[in-house]
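Chain Z: place on chain F using the hints.
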Amino acid sequence: MPKLKKPTILWLQSITCNGNTHSFFSHPDFVALMQKFEIIHHPILNTKYTLENVANENLTCDVLVLEGAFRQTGMKKANKEIYDIAQKYAKKAKHIITAGSCATFGGIFRQYDTKSIGGFCFDGELPNETYKLFKKKLISIPGCPAHPRWIGSVLSMILTHRQIPLDELHRPLEIYAYNAHVGCSRSEYYEWKIDVSRYGHKEGCLFYDHGCQAPFTHANCNKILWNEISSKTRVGTPCFGCTEPTFPKKNLWHTTTLMGIPASMPIGIPKRAYLTIAGIAKSFTIKRLNEPIIKYKK
Amino acid sequence: MSQGGKRVQKKESIIQAALTLFSVYGFHKTTIPNIAKRIGMSSGNLYNYFPSKEILAQEIIKYTSEVLGEEIRKINQQKKLTTYKKIHKIVEVYFKMAIEKPEMIEYFLRVYLSHREVFVGECQRMVCVAGFITEIMIFFSDGVECGELRDQDFFSAFGLFMGYLGGMAFLNGEAILSRPLKEYTDDITQNIYNALKT
Numbered sequence: 316m317p318k319l320k321k322p323t324i325l326w327l328q329s330i331t332c333n334g335n336t337h338s339f340f341s342h343p344d345f346v347a348l349m350q351k352f353e354i355i356h357h358p359i360l361n362t363k364y365t366l367e368n369v370a371n372e373n374l375t376c377d378v379l380v381l382e383g384a385f386r387q388t389g390m391k392k393a394n395k396e397i398y399d400i401a402q403k404y405a406k407k408a409k410h411i412i413t414a415g416s417c418a419t420f421g422g423i424f425r426q427y428d429t430k431s432i433g434g435f436c437f438d439g440e441l442p443n444e445t446y447k448l449f450k451k452k453l454i455s456i457p458g459c460p461a462h463p464r465w466i467g468s469v470l471s472m473i474l475t476h477r478q479i480p481l482d483e484l485h486r487p488l489e490i491y492a493y494n495a496h497v498g499c500s501r502s503e504y505y506e507w508k509i510d511v512s513r514y515g516h517k518e519g520c521l522f523y524d525h526g527c528q529a530p531f532t533h534a535n536c537n538k539i540l541w542n543e544i545s546s547k548t549r550v551g552t553p554c555f556g557c558t559e560p561t562f563p564k565k566n567l568w569h570t571t572t573l574m575g576i577p578a579s580m581p582i583g584i585p586k587r588a589y590l591t592i593a594g595i596a597k598s599f600t601i602k603r604l605n606e607p608i609i610k611y612k613k
Numbered sequence: 034m035s036q037g038g039k040r041v042q043k044k045e046s047i048i049q050a051a052l053t054l055f056s057v058y059g060f061h062k063t064t065i066p067n068i069a070k071r072i073g074m075s076s077g078n079l080y081n082y083f084p085s086k087e088i089l090a091q092e093i094i095k096y097t098s099e100v101l102g103e104e105i106r107k108i109n110q111q112k113k114l115t116t117y118k119k120i121h122k123i124v125e126v127y128f129k130m131a132i133e134k135p136e137m138i139e140y141f142l143r144v145y146l147s148h149r150e151v152f153v154g155e156c157q158r159m160v161c162v163a164g165f166i167t168e169i170m171i172f173f174s175d176g177v178e179c180g181e182l183r184d185q186d187f188f189s190a191f192g193l194f195m196g197y198l199g200g201m202a203f204l205n206g207e208a209i210l211s212r213p214l215k216e217y218t219d220d221i222t223q224n225i226y227n228a229l230k231t
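Protein sequence lines, in the order shown, are assigned to chains F and Z.
When you read off a place in the first sequence, starting at 1, and then add 315, the result is the number in the working numbering.
When you read off a place in the second sequence, starting at 1, and then add 33, the result is the number in the working numbering.
Just chain F, with the same shape it has in the complex (with noise of 0.2 Å):
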């Protein structure tokens, strides 16, 4: 029986902190999924083909992994512009994955420059011009870093051949239709509107106060969970948003209100219907959330 091809895989890089590489490497069954693939190029890792050969030749490429953001110039590696070196082979490739915020949005690295540096296909929510010669083959992963499981779920997905539900910022819906509040282990807090009194401990919700973005954030990770045991929110630090466009905000740590009243709503809820059912939850006082859950003895 003729031995069946493995779909090729070109992982790029541009300006970036490695983050959703090295991310990547975590997940449990990496080298097992990267079997499956043919890697014609990887930053960190020893493949066939050196960013010189990605550079100058015309190498094959089914999946275009892209981390870091982009500048139409400036940003040159193997002394060609890497926005170039890109494009080449989003033509070629069959999907493209822009995986992490920063190839997505532009993230971090965007703040330096919101007019020239930007995500592949999105300058912070807008498509850009790039957008519209590859929306049908775009993936986003955005993240800072993207979760390993996400890279990982999307290539299993695409070496199976199941549909991709995509929103409208081309993000699977089987990740980023949830929100980074589901799953929380602070939910009753949140119901019974008790903020934290400090970082880093097991009570208490981080909305009210300390600028949790978990409620308007669209991920999975209080679903799936980060190295299959935590998330931020779950160890007492808030979500500070990071698959969205607007990551990332100022004073993270920060709630901004209006008059008392969060700026933001959850996904979805009307200001009317957040404030009475807010009013009446602050209404009572529940005395076994206004405890500790261990009182350790001194």
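Treat the hints as calculated values from the structure; they're not laboratory data.
Where hints are given, some of them may not hold.
Subject to a maximum C-alpha distance of 20 Å in a straight line, what follows is the list of computed SDA-like cross-link-like pairs (lysine to any residue) [to be verified]:
| id | chain 1 | residue 1 | chain 2 | residue 2 |
| --- | --- | --- | --- | --- |
| 1 | Z | K107 | F | A588 |
| 2 | Z | K112 | F | I576 |
| 3 | Z | K112 | F | S579 |
| 4 | Z | K86 | Z | E150 |
| 5 | Z | K95 | F | S579 |
| 6 | Z | K44 | Z | E99 |
Note that the coordinates shown come from a computational prediction; the quantities given were computed from them, not determined experimentally.
Showing chain Z alone in chain F's frame:
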């Protein structure tokens, strides 16, 4: 009319009668037999609708809060109005109620604020006044969002606004004011706006 419709109508007539008596005679001097007598109902039958005087008192504050909240909601939904105009309309609504339905304001001042021991349990803090408070919250946050009101603690603004209106309604009820209450609308609107604007 259906049985359910009749029951709702009966409950409302009890609330109206009780509201009047509570606001005139106060909480303790008003009895269930007085209320029942006013609407030609037996005390026993009234208990079928409200199991205690305390629960009736709680239902009344919910009712007045909903009525006032509904009026402010209509103002909040007029997105083209400036915050100044909204304040003016809220003052108008409040004073209109103080003049045309003084029992509602009187009830709030003389029963709700004076007998906190009645409004506990399922009616504590904001539960029974949520309809009204929610709309005031929306008014304030919209005002800050459009840049017309200064961002500050909700209660410092709330106290200034509603405390002021309640005080004026009280002075009007005591017949102390030198002019009809409505004539104070413009000045009071200006004062509230000056105090809360950016």
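**Item:** Agreement of K112 of chain Z and I576 of chain F with the hint, judged by alpha carbon distance not exceeding 20 Å
**Value:** Satisfied, since the Cα-Cα distance of roughly 19 Å is no more than 20 Å.
**Message:** Between the alpha carbons of K107 of chain Z and A588 of chain F, is the straight-line distance 20 Å or under?
**Reply:** 16 Å, holds
**Item:** Restraint status (C-alpha distance of K112 of chain Z to S579 of chain F at most 20 Å)
**Value:** 18 Å, holds
**Prompt:** If you draw a straight line from the CA of K44 of chain Z to the CA of E99 of chain Z, is it 20 Å or shorter?
**Reply:** 15 Å, holds
**Prompt:** Is K95 of chain Z within 20 Å of S579 of chain F, Cα to Cα?
**Reply:** Distance of about 28 Å is beyond 20 Å: violated.
**Request:** Given the hint that K86 of chain Z pairs with E150 of chain Z, test it: the Cα-Cα distance must not exceed 20 Å.
**Result:** 13 Å, holds
Of the numbered hints given earlier, the model fails hint 5 alone.
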